[in-house]
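For the sequence shown, counting from 1, position 223 maps to 412 in our numbering; every step adds exactly one.
It is worth saying that the hints were derived from the structure and are not from the lab.
Computed from a predicted model, the values in this text were never measured in an experiment.
Treat the hints loosely; a few may be bogus.
Heads up, simulated DSS-like pairs for lysine-lysine below, C-alpha to C-alpha not over 30 Å straight-line [to be verified]:
#1 LYS496 to LYS378
#2 LYS387 to LYS536
#3 LYS536 to LYS411
#4 LYS536 to LYS384
#5 LYS365 to LYS553
#6 LYS547 to LYS365
#7 LYS487 to LYS406
#8 LYS603 to LYS308
#9 LYS487 to LYS536
#10 LYS368 to LYS378
#11 LYS308 to LYS406
#12 LYS368 to LYS603
#13 LYS384 to LYS487
#14 LYS387 to LYS603
#15 LYS536 to LYS378
#16 LYS308 to LYS275
#17 LYS208 to LYS365
#18 LYS547 to LYS496
#19 LYS547 to LYS411
#20 LYS307 to LYS487
#21 LYS440 to LYS536
#22 LYS487 to LYS547
#23 LYS208 to LYS523
#24 LYS496 to LYS411
#25 LYS547 to LYS603
#26 LYS307 to LYS275
So the derived label-pair ranges between C-beta atoms look like this [unchecked claim]:
#27 GLU207 to VAL619: 34 to 40 Å
#28 ARG253 to LYS406: 46 to 52 Å
#29 LEU457 to MET527: 27 to 33 Å
#30 GLN340 to GLY264: 57 to 63 Å
#31 ASN237 to ARG262: 35 to 41 Å
#32 GLU207 to ASP248: 22 to 28 Å
#33 ASN237 to VAL522: 26 to 32 Å
#34 ARG599 to ASN358: 38 to 44 Å
#35 LYS378 to GLY435: 19 to 25 Å
#36 ILE265 to GLY609: 55 to 61 Å
#37 THR593 to ALA295: 27 to 33 Å
#38 ALA284 to PRO556: 35 to 41 Å
#39 GLN480 to SER517: 26 to 32 Å
For every residue, glycine included, the Cβ atom is placed at its ideal position computed from N, Cα and C.
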Amino acid sequence: MNNQGKGKKNRRQRIHWEKLDNTANLFPAIAGHNRTNVYRISVVLRENVDAMRLQQALDMVLPRYDTFRVRMRRGIFWHYFETNDKPAPNVLEEANYPCSYIEPYANNNYLFRVTYYKKRINLEVFHVLADGMGSVNFLKEITYQYLRLTQESLSGADQTGFSDETSLNTEDSYLKHYKKSHKKGYQTKRAVEVKGEKFGGGEISVFHGYMPLTELKEVCRKAEASINEYLTAVFLYSIYKEYLHGQPSDKPLAACIPVDLRPFFDSLTTRNFFVMVSAVFLPEREDMPLQDVVDLVKQSLRGQINKEHLEELFSYNVANQKNIFLRSVPIFVKLVAMRMVYRSSAKANTTTVTNIGKIQVGEKYRPFIRNFSVMISRSVGQNIKGAICSYNDLLSFTITSVFTDVSIQRRFFKTLSEQGIRVIVESNGVTY
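My request is simple: use the sequences and hints to build the entire structure.
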């Protein structure tokens, strides 16, 4: 056999396929150019980014990170992943609006992109691949490798190994922890939908609010709420004050809250492993004070975030996926059905607030990293959203919106300032 024939045989042996996880099956059905289901995690360094070195770092990390080294194929009954042996996608200077659609054919069939702007490195991911945990680890490893290539003080560090905190586990934790269940746990009551004049052409406004974590924790302590509960309540309160003008409503204001399942089920998977719960409050009277909203959000979330209920939520979804009749339905029928079900359930929430938690980096890399941020794209009925992460003593709350009006954003950051929290706000300037 000639060398060319041996190369083709070895390539066939390297390629393998795997099913999409339970949550990932939804995203190909609902994603498009206007609602991309792409999210962004960014790291800001202390020096401008060297594009050539960043590309080199991605080229070195990607072959060892199987969660991202795939392309998506369409089968008869389901989509599936297949190993992608093409070169890594090109690292480009940021030129489009954040969280824009990822066109696989123009991206070497990869479902993520890496861009940069001045000191910032952006990782944008189609949600079919992974949730925040897997993407944070991938971005950190790219950043570590980049810093080893650009910083003389790190040049002696291991150029091949991943950090100890990075998992390469690709199990489908939904299937592993699924329990037989037929109880539907999601609400379907229609919530308030924020409407208004929108930007055109894929434009999206971005407001980053950076605040000291110690000051925020003190305010949360006084309100007897967690950081997630408090910030979600302030965001819903801002919508209540600016969109509903503090008036009562027969529809609830509801925020969809993704819950990371790994701590509850001792999982290390880098694929999707989360469920959605809803923080809900019904504006029953005029000019409800902030603390009342905080108390209602607390009550709503604490009744849902426990292992038994979370297990019910994803087990219901997995049970539908494992149904013998549904499994035999052709994919084009499944896609239509999933779109219909999703559009109905999506209207039960006004917005989404996601929190990927505290991002920690290796000690030797900390002097070169300033901060992190995360943002998410619009979805059906949700044209303004919030995203949270923290690094060191700095918490970032990022609001993405397609509305020309920014009164909700102003109210949110003003409310935090009125509670004694110093907030520095940055914007991408679209609204100007």
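Q) Does the structure keep LYS547 and LYS603 at a Cα separation of 30 Å or less? A) holds, 24 Å
Q. Within 30 Å, alpha carbon to alpha carbon, are LYS496 and LYS378?
A. holds, 24 Å
Q: Evaluate the given range 22 to 28 Å for the C-beta pair formed by GLU207 and ASP248.
A: The hint (22 to 28 Å, Cβ to Cβ) holds, given that GLU207 and ASP248 are roughly 23 Å apart.
Q) Is the Cα-Cα distance between LYS307 and LYS275 30 Å or less? A) Within the cut-off at roughly 28 Å; holds.
Q: Would you check the hint for LYS536 and LYS384, treating anything up to 30 Å between C-alpha atoms as holding?
A: With Cα atoms ~13 Å apart, LYS536 and LYS384 stay inside 30 Å; holds.
Q) Cβ-Cβ distance between ARG599 and ASN358: within 38 to 44 Å? A) Holds, at about 42 Å.
Q. Taking 30 Å as the top limit, are the C-alpha atoms of LYS368 and LYS603 close enough?
A. violated, 45 Å
Q | Cβ distance range 46 to 52 Å for ARG253 and LYS406, holds or violated | A | The hint (46 to 52 Å, Cβ to Cβ) is violated, given that ARG253 and LYS406 are roughly 37 Å apart.
(Q) 57 to 63 Å was suggested as the range; check whether the CB atoms of GLN340 and GLY264 agree with it. (A) violated, 45 Å
Q) Between ASN237 and ARG262, does the beta-carbon spacing fit 35 to 41 Å? A) holds, 39 Å
Q: Look at the Cβ atoms of THR593 and ALA295 and judge whether their distance stays inside 27 to 33 Å.
A: holds, 30 Å
Q: Would you mind confirming whether the straight-line C-alpha gap from LYS487 to LYS536 stays at or under 30 Å?
A: holds, 22 Å
In this structure, the earlier hints numbered 3, 5, 12, 20, 28, 30, 33, 38 and 39 are contradicted, and the remaining ones agree with it.
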